[in-house]
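*Asks:* In the order they appear, the protein sequences are chains A, B and C.
Every number in the numbering used here is 60 more than the matching position in the first sequence, counting from 1.
Every number in the numbering used here is 1171 more than the matching position in the second sequence, counting from 1.
Every number in the numbering used here is 179 more than the matching position in the third sequence, counting from 1.
Treat the hints as calculated values from the structure; they're not laboratory data.
Any given hint might turn out to be false.
[As the list claims (entries may be wrong)] List time: in silico DSBU-like cross-link candidates among lysine-lysine, alpha-carbon distance up to 30 angstroms: (1) Lys-1386/B x Lys-139/A; (2) Lys-1386/B x Lys-222/C; (3) Lys-1183/B x Lys-207/A; (4) Lys-204/A x Lys-1386/B; (5) Lys-1183/B x Lys-187/A; (6) Lys-1183/B x Lys-1359/B; (7) Lys-187/A x Lys-1359/B; (8) Lys-1386/B x Lys-224/C; (9) Lys-1359/B x Lys-155/A; (10) Lys-156/A x Lys-1386/B.
[As the list claims (entries may be wrong)] Stretch-level coverage of chain B by chain C, calculated; a stretch enters the list once three of its residues show a Cβ under 8 angstroms from a Cβ in chain C: (11) 1184 to 1191; (12) 1230 to 1239; (13) 1244 to 1251; (14) 1325 to 1337.
[As the list claims (entries may be wrong)] Here are a few chain C residues that face chain B, going by a calculated C-beta distance under 8 angstroms: (15) Gly-239; (16) Tyr-251; (17) Met-359.
The beta-carbon is built from N, C-alpha and C at its ideal position, and this holds for glycine as well.
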Amino acid sequence: MKRLIASVLAAVVISGAAQAETLRIGTEGAYPPFNQIDKEGNLIGFDVDIAKALCVAMKVECKFVTQDWDGIIPGLMAKKYDAIVASMSITAERKKAVDFSERYYSNTLRYVSKKGSSFDAKMVKGKNVGAQRATISSQYLEEKYGKDVSLKLYDTQENAWLDLTSGRLDAVLADSLVNYNWLKSPEAKGFEFSGDTIDINDQIGIAVRKGDALAGRLSKAIKDIVADGTYAKINAKYFPFSIY
Amino acid sequence: MNFEAMIEALPKLLEGTVLTLELVAFSLVIGMIFALPIALMRVSSNGFIRVIPYCYIFFFRGTPLLVQIFLVYYGASQFEVVRESSLWPILREPYWCAIIAFSMNTGAYTAEILRGAMQAVPHGQLEAARTLGMSTPMAYRRIVIPQAIRIGLPAYGNEVILMIKGSALASTITLLDLMGMTRTIIAKNYLAVEMFLAAGLIYLVLSFVFTQGFKYLELKITKDLRPHEVTNL
Amino acid sequence: MIDLQGFGNQFLLGASMTMQLAAGALVLGLVLGLIGAAGKLSKSKIANALAGTYTTLIRGLPELLIVLIIYYGTAGMLTQIAGWFGHDEYVELSPYAAGVTALGITFGSYATEVFRGAIQAIPKGQIEAAHAMGMGSYMTFFRIILPQVWRIALPGLGNLFLVLLKDTALVSLIGLDELMRKTSVAISNTREPFTFYLVAAFIYLALTILTMTFMNFAERRANRGFVRAGS
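With these hints in hand, go ahead and build the complete structure from the sequences.
*Replies:* Below, the structure is given as structure tokens:
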């Protein structure tokens, strides 16, 4: 009976330890151009390319797991995957829960709003501003403006833009690079960057569970792909300027 | 298990609970207002009149509430016409979108409950009322509907519980109801299991209170239907 | 196949995953429902209490919450259980397994009542007769009660399955590539939420109709040889 139950358990669940050579990478799949899912159902984007390059450098096999953003750290802690490569900013709060590798790109925040609305940081009070839940953008708005701003939190970045184009929001605060990419899309016609770039020394790293030696190995692999030019090649695929 | 964090989160969770109750209350009232004419149309003898509510009920009972709420919230805003209409000030608010989706959903279920209950009232009573000179609307108002409410009450009690549970989906359209609040707190402290359990306890309390409330109500309005108490010999 | 701007195939895959999820949860839910009903009808007070707690707890919680708790909360528990059986590696539920478990538990809590009602609808005389013929309790249950329970419980279970089918949409929130999640992917590529949510709605309706047709057939089959009173 014991054996039976154990084998049933083994059949139903995935056991992590048996595949030590496989690195399970958690990502969101809804954050273009960094990670998204295309028409054929494939995961693509800068994060995905970087993760694959890192796996090659580390000589391990990559396996991707998609996970909604607001559950992405709980998912890591529940061992659904071993590392998060999903454009995650290194923040003091997150460091309490997880460890990070060195940065693999740097980032700033910037608002987008309707052309001609001349929206800027001084006008935030009382306005409907959207951000993705559990991001540094939402954290920045909460900490800086508190109840002064009507902050709307979205499950995905995509949904925040949908509501900006529909007119529910006056502005969306997000990573500059992500907003930059969105502004190039046809439905962003009539929208523009507004206000200054908000530089909060935002560095994007790979999150792993606390105390996991993986962080060091990933940091080394990042250095390796930057040094051998793989990084620059991937970078050029998405942005005409360096984002390291 | 981090109990301290659960207690710390309680004020925020209760704040979310207030919004949950508000959404549920509004949706139930509006849903009931929808349901009555729909149920009456469903029992109509005219086939054409019957088919409209049938389609409505079939759609709302046959599709997930999650699809319905997304259709109202993200779907409606796809169209320029909607965004420029006078309805937009309402449709742009997630609060009202949730209430619209919830009340149309619960309206469909409630209509079916009412229909079943009305059909359970013996037809002879309607005929008797007509014989007494009541018009059909009056007979419905005075004879059929009051009894139907009594017959449908237990089923409606279940529907209320389903609505409370279903309202958790408001969190998917930016609302900070109990579920939305829970997910926002988890985004900050990453204590998924603890926070979900705390929220679960509050949902259980709500379900319990409403179940007991309906039991009490049922007992009250069916008093005359029960045989007089017989003392045990 | 309808093209749906190139997403037809993805929708098909999603619908198939939705059905697999519903089927898995149905099997688990039926087993739990039967156990629950047995618990409620048992003479043992402990079994009564356990079954009662199960149905009250699960029916009072939002399905979404159950899905999330199972997904995030079971990993630690399962690892411990595996430890008792001498497996010390890390064990966890995939989104599919978590979805099946969560929806199965939910289905089971409602099915408990359906089964209980059905078992009680079987005339007591039959059970007494079975006992008189020397059948034990287990044999009576499997030979006499269970075959008849199916017939009586079928309509109720059919309704529960329709509810289950719709609840599968919630599993999209833990990352299973079922219909709803495929829909969001299509929307993030096309930015046409109304069109694609409506497509999703109609696929769910089609699945509902399919289920209802099958239930009609199953009910007719289950009722063959059974003469309704008064007919």
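*Asks:* None of the hints should be skipped; say for each whether it holds.
*Replies:* The hints, checked one at a time:
1. Lys-1386/B x Lys-139/A: 44 angstroms, violated
2. Lys-1386/B x Lys-222/C: Within the cut-off at roughly 26 angstroms; holds.
3. Lys-1183/B x Lys-207/A: 14 angstroms, holds
4. Lys-204/A x Lys-1386/B: 49 angstroms, violated
5. Lys-1183/B x Lys-187/A: Distance ~23 angstroms between Lys-1183/B and Lys-187/A Cα, so the pair holds.
6. Lys-1183/B x Lys-1359/B: Holds, because 13 angstroms separates the two Cα atoms, which is no more than 30 angstroms.
7. Lys-187/A x Lys-1359/B: 23 angstroms, holds
8. Lys-1386/B x Lys-224/C: 24 angstroms, holds
9. Lys-1359/B x Lys-155/A: 12 angstroms, holds
10. Lys-156/A x Lys-1386/B: 48 angstroms, violated
11. 1184 to 1191: Violated - the stretch 1184 to 1191 of chain B has 0 residues with a Cβ nearer than 8 angstroms to chain C, which falls short of three.
12. 1230 to 1239: As far as the stretch 1230 to 1239 of chain B goes, the hint holds, because 9 residues have Cβ atoms under 8 angstroms from chain C.
13. 1244 to 1251: holds (count 6)
14. 1325 to 1337: Our answer is that it holds, as 4 residues pass the Cβ test (under 8 angstroms) against chain C, meeting three.
15. Gly-239: 3 angstroms, holds
16. Tyr-251: 4 angstroms, holds
17. Met-359: 6 angstroms, holds
Hint compliance for this structure: hints 1, 4, 10, 11 are broken, all remaining hints hold.
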